[in-house]
Amino acid sequence: MRVIAVLATSIVTLGSPALASGQEPPARDFSGNYTMAGRGSGPRDSAYAGTCRISAAGQGYDVSCFNADTRHTYVGKGLARGDTLAIFIGDTLRGDHNSVFTGEYLVLYRARADGVIEGTWVHAGSPAAGAETLTPVR
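Letter by letter, the sequence shown follows residues 1 to 138 in this note's numbering.
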């Protein structure tokens, strides 16, 4: 959990030179469909691939990613500042509570000039971490 707190603090301070000058950096629109490729950083972690859909939702984003290797869909929410997108993503469980979200991962992405989004992630309940790339479907 300490890793997530440190990463969350880093997210807040991103773009701080612009904030110090009183100018908010314009947020990039991250909405779209992407192919996903990633890998955990552990010695036994294998590569994974899939698709992600990022949709504007109010002041943030709704995110849905399908991991083709595990055949599992993860959902979450995100916020953007400039060319940086931060999301928390995990499972939506159905049951007695109608719909309970369990955010398992915190991901910090940075958009490149060509629209590709590179990210790093940490898992909330373990030391697992990794990196992934989202490439726009054109």
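Hints are supplied without guarantee of correctness; some may be wrong.
Here are the computed distance ranges between Cβ atoms for each label pair [said to hold, decoys possible]: (1) Asp45 with Gln23: 17 to 23 Å; (2) Arg138 with Arg44: 31 to 37 Å; (3) Gly60 with Thr133: 20 to 26 Å; (4) Thr51 with Arg110: 17 to 23 Å; (5) Ser46 with Gln23: 31 to 37 Å; (6) His72 with Asp114: 15 to 21 Å; (7) Leu79 with Val137: 30 to 36 Å; (8) Arg39 with Asp114: 19 to 25 Å; (9) Ala128 with Ala56: 25 to 31 Å; (10) Pro26 with Ser46: 33 to 39 Å; (11) Gly125 with Arg28: 18 to 24 Å; (12) Arg112 with Asp62: 35 to 41 Å; (13) Ala113 with Asp69: 27 to 33 Å.
Honestly, the hints are just simulated from the structure, not real lab data. The model shown is predicted, which means the values in this text are computed figures rather than measured ones. For each residue, glycine too, the CB sits at the ideal point set by N, CA and C.
Evaluation of the provided hints:
A beta carbon spacing of about 40 Å between aspartate 45 and glutamine 23 contradicts the range 17 to 23 Å that was offered as a hint. Between arginine 138 and arginine 44 the beta carbons are some 34 Å apart, a value that agrees with the proposed interval 31 to 37 Å. Glycine 60 and threonine 133 have their C-beta atoms about 22 Å apart, which keeps the hinted 20 to 26 Å range intact. As the Cβ distance of threonine 51 to arginine 110 is approximately 20 Å, the hint placing it in 17 to 23 Å holds.
Checked against the hint of 31 to 37 Å, the pair serine 46 and glutamine 23 fails, with Cβ atoms roughly 43 Å apart. Histidine 72 and aspartate 114 have their C-beta atoms about 29 Å apart, which leaves the hinted 15 to 21 Å range violated. The supplied range of 30 to 36 Å is broken by leucine 79 and valine 137, whose beta-carbon atoms lie about 23 Å from each other. For the pair arginine 39 and aspartate 114, the supplied restraint of 19 to 25 Å holds, since their beta-carbon distance comes to about 21 Å.
Taking 25 to 31 Å as the suggested C-beta distance range, the pair alanine 128 and alanine 56 conforms, at roughly 29 Å. Checked against the hint of 33 to 39 Å, the C-beta distance between proline 26 and serine 46 comes to roughly 38 Å, which is consistent with it. Against the hinted window of 18 to 24 Å, the Cβ-Cβ separation of glycine 125 and arginine 28 comes to about 30 Å, which falls outside the hint. For the pair arginine 112 and aspartate 62, the beta carbons lie near 23 Å from each other, so the given range of 35 to 41 Å is not met.
Remark: the range hint 27 to 33 Å for alanine 113 to aspartate 69 is upheld by a beta-carbon distance near 29 Å.
Hint check: violations occur at hints 1, 5, 6, 7, 11 and 12; the rest are consistent with the structure.
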